[in-house]
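Number of protein chains: 2
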Amino acid sequence: MLRVIFLGTGGSLPTPERNPAAIMINREGELLLFDCGEGTQQQMMRAKTGMKSLSSIFITHFHADHILGIPGLIQTMSFQGRTEPLKIYGPHHVHEFARILSALGYYKLRFEIDAVDLEPGDVVKRDGYSIHALKTHHSVPSIGYALIEDERVGRFNRERAIELGVPPGPLFSKLHRGEQVEVKGRIILPEEVVGEPRPGRKIVYSGDTRPCQEVLEASRDADLLIHDATLANDQQEWALESMHSTAEEAARLAKEANVSRLILTHISARYSENAEPLLTEAKKVFGNVTIAQDLLETEVVLRDEIGASQK
Amino acid sequence: MLRVIFLGTGGSLPTPERNPAAIMINREGELLLFDCGEGTQQQMMRAKTGMKSLSSIFITHFHADHILGIPGLIQTMSFQGRTEPLKIYGPHHVHEFARILSALGYYKLRFEIDAVDLEPGDVVKRDGYSIHALKTHHSVPSIGYALIEDERVGRFNRERAIELGVPPGPLFSKLHRGEQVEVKGRIILPEEVVGEPRPGRKIVYSGDTRPCQEVLEASRDADLLIHDATLANDQQEWALESMHSTAEEAARLAKEANVSRLILTHISARYSENAEPLLTEAKKVFGNVTIAQDLLETEVVLRDEIGASQK
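Chain order of the listed sequences is A and B. Each step along the first sequence adds one to the number in numbering that gives the first Met the number 0, with nothing skipped, and position 170 is 169. Each step along the second sequence adds one to the number in numbering that gives the first Met the number 0, with nothing skipped, and position 155 is 154.
Misleading hints may appear alongside valid ones.
Repeated chains share a single entry, so a pair holds when one copy, or any two copies, can fit it.
[Stated by the list, open to error] Under the rule of at most 20 Å between Cα atoms (straight-line distance), these lysine to any residue pairs were calculated in the SDA-like manner:
id : residue 1 : residue 2
1  : K107      : P140
2  : K134      : E216
3  : K86       : H131
4  : K47       : L12
5  : K183      : G164
6  : K51       : E27
7  : K107      : E95
8  : K173      : E83
9  : K51       : R269
10 : K173      : F155
11 : K51       : P15
No lab work stands behind these hints: they were computed from the structure.
From just these sequences and the hints, can you work out the full model?
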C-alpha cells in the first residue's frame with residue numbers, strides 16, 4: 000500500500016473548505032506527514048488515519064500555515080498515551096521550532112521529539128524506501144521531498160515453480176528471497192522462477208516553491224508529483240513575487256519530468272471554492288492532472304501497474 | 000445586539016464535530032473572543048463573523064486547547080492588512096505566551112499585540128460594558144470572565160412626548176440623553192418621557208473549572224451562564240481529578256445563581272456525537288439548559304425582554 004491522503008490543500012490563508020498544508024502518506028501502514036498546518040489533527044480524525052502509526056513529520060519550511068498543527072497534534076498523541084519518539088525533519092532551525100512548538104500549553108509530553116535538520120541533498124534511509132531532501136525556491140529556507148521506494152524483488156512465477164516440482168510452501172519464500180533450493184536432487188535457481196526486479200514507486204512533494212530545476216530532476220518519471228499551484232496565470236506576477244507556482248507552470252514541469260500523474264495543491268483562497276481556472280490552464284499542458292481537495296485519497300501505483308490496478 | 004457564537008465546544012481532545020474551546024461575543028458590532036483553540040480562524044470564517052472588528056481575546060488559561068488558534072488567527076489578520084492593535088488578556092504568563100505565539104512562523108505582524116495580565120477581581124472597563132476576571136479552580140492558573148453591561152437609559156415614551164407637544168426629531172434625542180428641553184415656553188424634563196433605567200445584560204463564562212463559589216456569585220441573576228460541563232455523572236471522579244465540572248454540577252450552580260439560561264460547553268470527546276446523557280442529567284436540575292454545539296449562535300436578551308424578543 001502506498002496511499003496519499005490530502006489533509007490540507009489551502010494556501011497561506013485557510014478557507015472553510017481548505018485547511019492549511021498537510022499531506023499524509025500511508026506506506027504499508029506507516030504514516031508519514033508532510034507539513035502540518037493548523038487543524039491537521041482534526042483532519043486526521045476526519046480521514047480516520049489514526050495517529051499511532053505516525054513515525055515522522057517532514058516540514059518543507061517554517062511558514063505558519065505549514066507548522067501550526069504540530070503542537071495540537073503532539074499534545075493529542077501524548078494524551079492518547081503515545082510513548083514512541085516522533086521524528087520531525089525540516090530545513091534550518093527545526094530544533095528551535097520544535098522546542099517552541101513543544102513549549103506551548105503547559106503540557107509535558109510523554110514521548111520524545113527528535114528534530115533533524117535537513118539540507119538539500121540529504122537522504123533519510125528507511126526500511127524499504129528513502130526520503131530525499133530537495134532544494135526548492137521559496138521566500139524562506141525551504142526544501143521539497145522525494146519518497147523513493149527501494150527496488151522491489153521481481154514477481155514470483157508460481158506456475159513455473161510448480162512445473163519445476165517445487166512444492167508450495169517455505170521453499171517458495173526461499174526462492175523469492177533469492178536463495179537457491181534443492182528439489183529431488185535438482186538445484187532450482189531463483190532466476191528460474193523470479194521475474195526482473197521492479198523499480199520502487201516515487202512520489203515528489205514540492206512544498207511551496209517557484210518551479211525549479213531541482214524538483215524537475217527529482218521528479219523524472221515519478222509516479223506522482225504533488226506540486227505548489229497557488230495561483231492561475233492572471234496572477235503570474237504575484238506568483239513570482241510570493242515565490243509560488245502557477246498551475247500551468249507546475250503542469251509544464253510535470254510534462255518535462257515525464258511524471259505519471261500530477262496533483263496540484265496549496266490552492267490560494269481566491270480559488271478555494273472554484274479551482275476550475277487552475278485545472279483548465281494545467282490540463283492544456285498536461286493531461287493527467289487533478290486539483291487536490293481536502294480529504295482526497297489516492298493510491299500510488301507504478302506506471303506499468305496502472306492498467307491492472309484500475310481494472 | 001449581544002450575540003454569542005460558539006466556535007469550539009469540545010474538550011481537551013477535538014473531534015470531527017467539535018473544535019477546541021472558542022466563544023465569540025458580538026456586542027453592538029465589537030467582537031470579543033473568549034479562548035482561541037486550534038482552528039478558530041476557520042470557524043470564524045464558517046460563522047462569517049469577520050475579523051476586523053475583533054478587539055480583544057480573553058484567555059481563561061494556557062492549556063493548549065484554549066490558545067493554539069492564536070498564532071494562525073493573528074497571522075491571517077496581519078495578511079488581511081490589520082493595523083489596529085489587538086488586546087490579549089489572560090492569567091499569569093500572558094506576556095510570555097503572547098511572545099511565543101507571535102514568534103511562530105517567520106512572519107512580521109503589521110499590528111501590535113498588547114498582552115495584559117489579569118488577576119481574579121480585575122475589571123476591564125470598556126465603553127458600555129466591563130469584563131470582570133473571576134477566580135476559577137482548574138489544574139493551572141485560570142480565570143473565568145463576566146461581561147456586564149452598564150445600566151442602560153430607560154425607554155423613551157414617544158406617545159407621551161408627542162402629547163406634551165415635543166415635535167419628533169432632535170429634541171427627542173436630547174430628552175433621551177437626559178437633557179431638559181423647552182417647547183412653546185414650557186420646560187419638559189427627561190423624567191417625564193424617559194422610563195426607569197434598565198439593567199445591563201450579564202454573561203458569565205466559567206472556562207475550565209470545578210464548580211466554585213466565585214463563579215456562582217458572579218453568575219447571580221445572569222442572563223446567560225456558559226459553564227464547563229466536560230463530563231457526565233458516571234465520570235464524577237475524573238471530573239474531580241481533572242478539575243472539570245459535570246453537567247449536573249453546572250446545572251446546580253445555574254439554579255442556585257438563578258440565571259436565566261445555561262449553555263454547557265467543553266464537552267468531552269466521549270460525548271462529542273451524543274451529548275444526551277449530559278443534557279438529561281442537567282435538565283433534571285435546571286430547565287433552561289442547552290448543550291453547545293459548534294456554530295451555535297444565540298442572542299442574549301434581558302429576562303424581562305425575553306417575551307418581547309420571542310414574539
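Each hint, compared with the structure:
Only between protomers do K107 and P140 lie at most 20 Å apart by alpha-carbon distance; the minimum there is 16 Å, versus 30 Å within a single protomer. Taking the closest pair of Cα atoms, K134 and E216 come within 20 Å of each other only inside a single copy of the chain (11 Å); across copies the shortest separation is 61 Å, beyond that limit. Proximity of K86 and H131 under a CA criterion of 20 Å is satisfied intra-copy only: 15 Å inside one chain copy versus 44 Å between copies. With identical chains, the CA atoms of K47 and L12 are at most 20 Å apart between copies only, with a shortest distance of 15 Å across copies and 25 Å within one.
With identical chains, the CA atoms of K183 and G164 are at most 20 Å apart within one copy only, with a shortest distance of 8 Å there and 123 Å across copies. Taking the closest pair of Cα atoms, K51 and E27 come within 20 Å of each other only inside a single copy of the chain (14 Å); across copies the shortest separation is 46 Å, beyond that limit. In the homo-oligomer, the alpha carbons of K107 and E95 lie at most 20 Å apart both inside one protomer (18 Å) and across protomers (18 Å), since each shortest distance falls under that limit. When the C-alpha separation of K173 and E83 is checked against a cutoff of 20 Å, the pair qualifies neither within a copy, at 33 Å, nor between copies, at 71 Å.
For the identical chains of this complex, K51 and R269 are inter-copy neighbours only, at 19 Å across copies versus 35 Å inside a copy, given an alpha-carbon limit of 20 Å. With identical chains, the CA atoms of K173 and F155 are at most 20 Å apart within one copy only, with a shortest distance of 11 Å there and 95 Å across copies. Within a single copy, K51 and P15 get their C-alpha atoms only as close as 28 Å, which misses the 20 Å cut-off; across copies the closest is 18 Å, which meets it.
This entry does not satisfy hint 8, going by the numbered hints stated previously; all others are met.
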